[in-house]
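K.L.:
Given the coordinates of chain A, assemble chain B onto it according to the supplied hints.
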Amino acid sequence: MLRYPAPLERVIEEFERLPGIGPKSAQRLAFFLLSRPRDQAQALGETVLLLHEGIQPCAECGNYAAARLCPVCADDTRDKLVLCVVETATDLMALERAGEYRGLYHVLGGALSPLAGVGPAELRIGELLERVQRYGTEEVILATSPTVEGDATAEFLRQRLSATAPQVKISRIALGLPVGADMDYADQVTLARALRGRTPM
Amino acid sequence: MPTYTATGLTLLARKFKGSQRVVTFYTRERGKVEAVASGIGKPGSSLAGVVEPFALSRLFLVQGRDLDRLTQAQALEAFPQIPASLETYGYASWIAELTSGATEPGQASPDLFDFLLASVRALAAGEEGPLVAAAYALALLELLGVAPVLEECAVCREALAGPAFYQAAAGGLICAECRATGGGIAVGGGARGLLHGLRRVPPERLRGLKVRPEEAREALELVRRHLGYHLGLTLRSEEFLRQLSP
Chain A
1 MLRYPAPLER VIEEFERLPG IGPKSAQRLA FFLLSRPRDQ AQALGETVLL LHEGIQPCAE
61 CGNYAAARLC PVCADDTRDK LVLCVVETAT DLMALERAGE YRGLYHVLGG ALSPLAGVGP
121 AELRIGELLE RVQRYGTEEV ILATSPTVEG DATAEFLRQR LSATAPQVKI SRIALGLPVG
181 ADMDYADQVT LARALRGRTP M
Chain B
1 MPTYTATGLT LLARKFKGSQ RVVTFYTRER GKVEAVASGI GKPGSSLAGV VEPFALSRLF
61 LVQGRDLDRL TQAQALEAFP QIPASLETYG YASWIAELTS GATEPGQASP DLFDFLLASV
121 RALAAGEEGP LVAAAYALAL LELLGVAPVL EECAVCREAL AGPAFYQAAA GGLICAECRA
181 TGGGIAVGGG ARGLLHGLRR VPPERLRGLK VRPEEAREAL ELVRRHLGYH LGLTLRSEEF
241 LRQLSP
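One line per chain: the protein sequences are A and B, in this order.
Counted from 1, the first sequence has number 118 at position 118 by my numbering; the numbering is strictly sequential.
Counted from 1, the second sequence has number 7 at position 7 by my numbering; the numbering is strictly sequential.
With a straight-line cut-off of 25 Å between C-alpha atoms, the simulated SDA-like cross-links for lysine to any residue are:
| no. | chain 1 | residue 1 | chain 2 | residue 2 |
| --- | --- | --- | --- | --- |
| 1 | B | Lys17 | A | Glu9 |
| 2 | B | Lys42 | A | Ile173 |
| 3 | B | Lys210 | B | His196 |
| 4 | B | Lys15 | A | Gly119 |
| 5 | B | Lys15 | B | Glu34 |
| 6 | B | Lys15 | A | Pro23 |
| 7 | B | Lys42 | A | Ser25 |
| 8 | B | Lys17 | A | Ser145 |
| 9 | A | Lys80 | A | Gly99 |
| 10 | B | Lys15 | A | Ala89 |
| 11 | A | Lys80 | A | Gly110 |
| 12 | B | Lys17 | A | Pro146 |
| 13 | B | Lys15 | A | Gly110 |
| 14 | A | Lys169 | A | Leu195 |
| 15 | B | Lys42 | A | Arg97 |
| 16 | A | Lys169 | A | Glu155 |
| 17 | B | Lys17 | A | Gly22 |
| 18 | A | Lys24 | A | Glu14 |
| 19 | B | Lys210 | B | Glu151 |
| 20 | B | Lys210 | B | Gly189 |
| 21 | B | Lys15 | A | Leu175 |
No wet-lab data here; the hints were simulated from the structure.
Just so you know, these numbers come straight off a predicted model, no measurement behind them.
Bound-form chain A, shown alone:
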C-alpha cells in the first residue's frame, strides 16, 4: 500500500492526537500546512512551543499565567474577600466572559471522580484552605459543574471549609434552567434542581 512520506505521516499522526480531530481532518490540516509558505508552518510550530515555555500556573489561583500571577490575581481592583472556586481554567474564562464577577478565583484542577481516579489529594484543596485563611476571605462561591462529580466536590469543599473556616460564607452557583430554555423540553432532573434552588422575589 502506498504511504505518505514519513514527515507527512508524522504530522498527520500528531494532529490525530488532538481532541475532535479524526484521520480525515488530520490529513486535511497537514496538507493545508504543506500548501502554505514555509514561514507560516514555522510560525505555527514556534507558537505551539511557546505554550509550554511561556505559560505557567498562577502562583495564587492556579489559572494559566504568562507571569508569576495571572491577570486576575495581579489586578488590584478585584475584590480579594470573595473567592470563586472553579474546576478548570476554562471554567474561569467562561465566568470572566459573563462580566458579572469582580472577585478572585481558585482553580481546583478537576473534580472528585472515583471512576477517573481523582481523589482529594489530586486537587488543589490544601491551597484553597490556605488562601482562605491568608486572605481573610468572607465568601467562597463554589462554581463546580452541575454534575455528580461537581456536586460531590462542592459538598466536600463545603465540609472542609466549614471545619477550617467556620466564619466564611459558602455559596453555590444557581443550578437549573438555562436562559431562553423551553420548560417543556427540560429534563426532569434539571427541573427538580431548578425548583429546589428557587429564590424568593
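P.N.:
Chain B in isolation, oriented as in the chain A frame:
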C-alpha cells in the same frame, strides 16, 4: 436501524467527540448497554441529566453497528444524596465500576439489575457503604458462578468448626488443616458471620444487621480479594476509597 427501549441505571459516561459521551448503562432488559449520547454539556440538553452516574431512566435507543445511540430518555429516579457524602459517592462509584467491568453487553440479568438498583437506593438512604458494596459484590459473584465458598472448607469440604482462613486460589474459606499446605488470611468470626448474613439480607434491610465497622471492612476486603483473583478486575475507584480511609 432497529430501535428499542429499556430501563437502565447509568454506570459511567466518558467523553467522546465534542459534546458526545459514551454512556454505559445496566438495563433490566438487555444487561450492559453502551450508547452514544449527543449534545451533553450543552445548555438545554434533554439527555444531560440521565447520563449522570446512578440515574435511573427509561431509555430510547437506536441499535448501531458498533455503539447504540441514545435518542430520548425519561428520568425515573435520581439520587442527589449520593454526592452529598464522599464515602457514599466512592462506594456507589465502586459498585458502578464493578458492574461495568464484570458484565458483558447483551447478557441480561434482571436479578442483577434489581440488586444493583436496591444497592444504589440503599446507599442513597444512608446504609453503610462497605456493607452495601460487600453485599452487592457477593450477589454479583453468585450470579457469575464464582461466589466464595463460605459454609465449608473450600479444599476438604468439611464443615468449618474452628478458625477459618481465606485463600483466593482455593475459592473461599479453608480450615486450619488445609491451610498448612499453603497460604491464607485469617478471617475473624465477626466478618465470617457477616459474609453469611450478607448473602441472605436484601440491601434495603442491611440496616437491621448488627455490624461493627471493622467487621464490615474486613468482609469487604475479603470480597475485593476474591473479585481481583477470580475476575481479574482493577477498579480505579479503589484508590479513591483508599484516600478516604483513616
